[in-house]
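A.B. asks: Residue-level listing of the chains:
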Amino acid sequence: MNEDHPMDDAVEGDPEDWVRIVSNDGYTFLLKRKVANMSGTIKNSLDETGGFAEAGTRTYRSQERGIIVQKMIEYMSFKAYYSNVGPKEEIPVNEFMERLPPEIVLELLLAADYQEM
Amino acid sequence: MSSRRNNVRGPTSALTDFLRASVDTFISDLNQPAAGSSNSAQIPDSAEESVPLRRNQRRNRVTTRDEYDSDGLDEPEAPATKKKKITANKPKGKKTGKKDDEDDYEDDDDPYTALSKFGARARPANGSIERCAECEKEFSVSQYTIAATGSGFLCHPCAKKLGNDPFKKPTAPRKRMKAADKRNIVHFEKPRFPTLVSICINIISTHIDDIEAFGDIGTLNMDAISKAISRKRSLNSENVHLFYGSGNTSLTLYDATKLSPTALITLGHLNPNLTTLHLNFCGLISDEVMNSWRSSLPNLVHLQLLGPFLVRVPAWIAFFESHSRLQSFLITQSPRFDLECLQSLIRTSAKTLTRLGLREVGLLSDDFLGPIGLLSGQLSYLDISEPSQSCSNEAVNTLLGAVGSTLTHLNLSGHIELTDDVLQYGILPNITSLQHLTLSNLPLLTDEGVALFFSQWPNPPLTAVTFSRNPKLSTNSLVELLNHSGEGLRSLDVNGWKDVSATALANIATQARDLGKIDLGWCREVDDFIVKSILDNCKNRLTEVKVWGCNKVQGKWVTSGTKTKAKIFGIERAHTSII
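Read top to bottom, the protein sequences are chains A and B. What the first sequence shows, in UniProt numbering, is residues 1 to 117, in sequence order. What the second sequence shows, in UniProt numbering, is residues 1 to 579, in sequence order.
Bound-form chain A, shown alone (with noise of 0.2 Å):
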């Protein structure tokens, strides 16, 4: 990315719009695009200016069910969250960890990592 462009926000997506995650099985999922942004690959996809044809509909297909996709989108809303936060709170990250069962947690590896958090 280049850092001699300002993006405009008009452009890229007002952090404050409202986006949509839509997983394999068919749940939907509402977030605020600053929180959708906290993915890589997400961010890319909704970015207005790359291309894709998501951007248009503010949608984004995820190839994962239902239940993965929450727990992502209940990470980023963490991590969009504590990014923010000062540097002497302390991040409570065990309180996170504890709400993912280790059921998922495989196929949670392989979503993370596919989509860069």
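Since the hints were made in silico from the structure, they are not lab data. Careful, some of the hints might be misleading.
Distance condition first, Cα-Cα at most 25 Å in a straight line; then the derived DSS-like pairs of lysine-lysine [what the hints assert, rightly or not]:
1) A:43 <-> B:563
2) B:556 <-> B:546
3) A:43 <-> B:546
4) B:498 <-> A:34
5) A:43 <-> B:565
6) B:517 <-> B:556
7) B:567 <-> B:472
8) B:498 <-> A:43
9) A:79 <-> B:232
10) A:43 <-> B:552
11) A:43 <-> B:227
12) B:563 <-> B:552
Fit chain B to the given chain A structure using the hints.
C.D. replies: Using the frame of chain A, we list chain B on its own:
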């Protein structure tokens, strides 16, 4: 009193001691009661009368010393502006108009100003006339008058001559402040926000004993999981058990750095039915491990190791003797693997060995090529690239004469002494069914030689061609190469062909439509049109385009509407964002 009063000391810290030691010498010269703004509360008689005078000598303090004036904290207004300096060069600051009483308190108790309590002669009142100790002239005492060494006071010009310009801003305080700052460092430990991948890996590691909890995992996924875990070198002795299984026949670990020799021995025991073992970065494989594998992996026929540099000759030989049905043996980076090992390998697995790889094997030499020639009629994969010293044309040609007919993969990169002869007399006559050809870094190859070779070679089109880092190769070579292999090419690497012309490059798009990966690094003539045509024409399979060092490429095809799934690496000045 002209003597310094050292008898008054508050609680002192190491810093104070240090400063005292270094500054003492300064102070002894000057011996000014006022300069040090001496705390004379302890000094008996003169105290009373000098107190009111000294109050006037308060100067502005550097405010950053607030924190050390623990004793001054009680004073309502004092701390902020009443800091004392220990250095002698303290001039008289302006009177700050603070309450007079507070001066004394601060004088007494502040440990950091304890130093400045040297004996002070009574200071005449401001405005009175005094005789200068130096020049004997009369002058009126002011706030800024400083005492002379010995007794008496100095007029302003003499004081300046001595270097004690009272009007000069104190520089020493900065030194003090820095020390203070050092003590007060705020440690910003920016915790790296944990990635979801690392969180998942942590959970896997904690639950590793309860593998059933993970549910059913397909074998294809295991490979992807292995890659994901290895990416950050997170694979360790615990979570590697995820990949073990008595029914496993194939095991690939992309980064085995953290597996200790014991863990590697365990690997053998827990996967007894392995036929294929591929370990990258397995530096910790020791003789012991190899010896253990002799018996624990009886069915092993494919072995690929990156980095087994610890294994010694006897261990290799013993391993080969126990595994006489090896089909592929590919190692990279071993300074110990010598001719004896190779001979043992050929001797024991002669009937079955079809793939041999000895990359970056330090002892590789012409002598090695003889025994390899014994594999005539069965060798399909040969990789002897990146040696410490190059083999000679003759030896290579002889080898290719022996084994060339069956070769599908050949890699001779890094044998810098090889010339066009190898192409003409080694490859051309002997090799007729090759698919992958890798000849990087053979600087003696010439453009004409390579062009001639491709124009005459009866081999069917190659699938993958890598001729990187051969800067002499240029237009003719590329033209003939495309003529020869264009239809079959899936991967092309001509990194470093700096003089290739634009017309030749333009042919890539038209003649090699099935390209999946292409590396055009440092081909200076590559520009946006060439890349655009590649992107447009090679739509089917293109996944990766590398244009490192191609200054003319700017990525303008994006705005002109070309869309592609391929990833493009190496654009220096992106016109717009390139995904």
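A.B. asks: If a hint holds in the structure, say so; if it doesn't, say that too.
C.D. replies: Verification of the supplied hints:
1. A:43 <-> B:563: Holds. Residue 43 of chain A to residue 563 of chain B sits at ~18 Å (cutoff 25 Å).
2. B:556 <-> B:546: 16 Å, holds
3. A:43 <-> B:546: 23 Å, holds
4. B:498 <-> A:34: With Cα atoms ~44 Å apart, residue 498 of chain B and residue 34 of chain A exceed 25 Å; violated.
5. A:43 <-> B:565: 16 Å, holds
6. B:517 <-> B:556: OK: residue 517 of chain B and residue 556 of chain B at ~20 Å, within 25 Å.
7. B:567 <-> B:472: The hint is violated at about 28 Å.
8. B:498 <-> A:43: Given that 25 Å is the threshold and the Cα spacing comes to 36 Å, the pair is violated.
9. A:79 <-> B:232: 20 Å, holds
10. A:43 <-> B:552: 28 Å, violated
11. A:43 <-> B:227: 23 Å, holds
12. B:563 <-> B:552: 20 Å, holds
When the structure is compared with the earlier hints, violations turn up for hints 4, 7, 8, 10 and for no others.
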